[in-house]
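Engineer: Chain residues, written in single-letter form:
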Amino acid sequence: MADSAIVPGPDAEPPHLLRETVIRPTKGWRSLNLGELYLYRDLMTFLAWRDLKVRYQQTLLGGAWAILQPLATMIVFTFVFGKLAKLPSDGVPYPLFSLTALVIWTYFSQSLTATVTSLINNTQLVEKVYFPRLILPMSSTIRGLADLAVAFAFLLLVLAFYGVWPTWQALAVIPFTLLAVIATIGIGSGLAAINVRFRDVRQMMPLLIQLWLFATPVAYPASMAPAEWRALLGLNPMAGVVEGYRWALLNTGPFPLELVAISTASALVMLVVGLAVFRRIENSFADII
Amino acid sequence: MKNERPWAIRVDNLTKRYRLGGAGRVNLRQTITQTAKRIPQALRGERAPRPEDFWALNGVSFDVARGEIVGVLGHNGAGKSTLLKILSQITEPTGGEVRFRGHVGSLLEVGTGFHPELSGRDNIFLNGAILGMSRQQIARRFDEIVEFAEVAEFIDTPVKRYSSGMYTRLAFAVAAHLETDILLIDEVLAVGDVAFQQKCLARMGELAHGGRTVLFVSHNIAAIQTLCPRSILLRRGQVVADGRTNDVVASYLHAGGEGPARVRRWESGTGPTGGPARLVSAQIIPTDSPDSDLLDCTMPFMVAFEYDWSGAPQEPLRFEIQLVNGDGVMVFDTCPPETLWRQHHPGRNRVVCHIPGDLLNSNEYHVHLVLRQNDQEVLSLPDVLVFELLDSGRDRYGWFGKWEGVLRPRFDWQAQALPAAVA
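So the sequence lines, in the order shown, correspond to chains A and B. With my numbering, letter number 276 in the first sequence gets 276, and the count goes up by one each step, no holes. With my numbering, letter number 29 in the second sequence gets 29, and the count goes up by one each step, no holes.
One or more of the hints may lead you astray.
[Stated by the list, open to error] Chain A stretches covered by chain B per the calculated footprint, using a threshold of three residues with CB under 8 angstroms from any CB of chain B: (1) 124 to 133; (2) 211 to 221.
[Unchecked claim] Negatives, chain A to chain B, calculated, CB over 12 angstroms: (3) Ile23; (4) Met44; (5) Leu145; (6) Thr167; (7) Ala225; (8) Ala276.
Since the hints were made in silico from the structure, they are not lab data. Heads up, the beta-carbon is just placed ideally off N, CA and C, and yes, glycines get one too.
Using the sequences and the accompanying hints, generate a full structural model.
Structural biologist: This is the structure in structure tokens:
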């Protein structure tokens, strides 16, 4: 038997200095609690790094996979849409035109799938340990940036091969990448939360991604859409991102202001709705996952 | 037990309800069809039948003072793990509230969040981050953790190549070095060797002396008795005892008769029949104290059946008992000697099988009763009785894990010096 008279030792803080936590049932909508997310920021990077490390372990090609996917798609697109269908490409060689879009599109499609399955792929953690659950979708969204960086470096090489040198305009890819991240977190976290309850979401993802690809001006230029429909195209955040990337790197003409503005607004709405849905369902994850 | 010291954990009227049947994994189509079915019902003013509610916690309240180590005891299903899940914020309570003063860390299950492909070093950082430590905090404690876990040579090996002992040590080491004020611990001492268990217990004592508060949830009496001066006993989602560990353990042990069916009685004329015999009762009875509920693995007990006999006294009938333990192993299959096969008297009879103490290990046991007439099976009652033999906590020599083996007999051992061999 241990001694029942236990005296707080020297490293104990006076009780009034300690943070008080209250657990009680929550009802309805909850705030984001950004402060807590910040406390767990290291966990977010650790999880992203874990998934990267595990994914490329025991692969032959490793990081080259980040390049292969957009490259292979570019080759197919160039043949089918460039050569056979002879789609216009805003005066840029079709391979460049499609690869520029595919680099950021690949980031979006892979990150979205990873984000949507982030909760059910970490069932053990969700069931056993407490941490802000948003960390999981967020780390999945951020993880893809490593692949994007590799693919982007490759894109710069291809541009140089075609004699296209980036100007100061190229810096605009940073805010456009951020826009893609915002859209991914928004849509991804909302769907991830719903996927905990309805695994149908995961089944739906390949189809959703495929349809989304054709709703996005990846294989074709936004300028192909009739002017009055272009605003509608912008409701898809990736339309603004993809056209923004082209403007930044290929100098495809005047800045697509209207499209980008609508896409930004749309991405922000998706972020708010996605996070709200996530927080709303979050407290039941451990019971139903 | 009243505490003058300030509290660190205050649990107030905590409840948790689970919906049985209704919840669980459903797909979208089921939800839509179910909702569609409810609409006409709702229009007619009928209400859909409510899935049955199950209260895993039903009004639990207690305080834990700063620097206290408190054990939480209870049989399976008493609400221990639900309580721990709420305290560690994995799931939300249905009602009531919990207050903590200070940072809370929990060591729930060994190795949660360990990734088999990553090295020990990577896993220390990952697990630390999952438990809420920052990179700097982990880096500062890294050497201590490795030393505590005794895995220095393998620190860069993927943990999938670790033995289960190494794995456990590493997981405990990370959690034991959490810089938290309150630590929640669940059954961590189930594995590991004796020396490491002693080290863990010492470490938990150290934490408490350093002003940390520890809540230790277990059904391991030996560990709780060693570690916790005070304990709380849960039964059916409620606190039924709270006080000195020895007193609480006593009430825990005496509750052995609840839950599993240690006694079965049938109304006259309704019992199962086999040949001319109709069962009246089946019962597990501790031999030395028949009225006690307490039954541990050192105590002899009886398996007794009462039956009404409507046949001729010379008509044969054989009782046969099969005992199956909680792991599904048939421990024995026994029947009375041949002389008793033809000794049935008109009216009420009783047949008893005596099982000695210090024979079976602590476990759950199921009694299957088979009645035979001339090798013809006339009645088979699987699980006619279910009972639990508790661990007495004796003869453990510092080991706190589950004692291995189907049996746990006490044998005579001898040791002596031998005369020198003559060449």
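Engineer: Confirm or reject each hint.
Structural biologist: Consistency of the hints with the structure:
1. 124 to 133: holds (count 8)
2. 211 to 221: violated (count 0)
3. Ile23: 4 angstroms, violated
4. Met44: The assertion about Met44/A is violated, with a minimum of 9 angstroms to chain B.
5. Leu145: 19 angstroms, holds
6. Thr167: 38 angstroms, holds
7. Ala225: 33 angstroms, holds
8. Ala276: Check passes; 18 angstroms lies beyond 12 angstroms.
Violation of the numbered hints given earlier is confined to hints 2, 3, 4; the remaining hints are satisfied by the structure.
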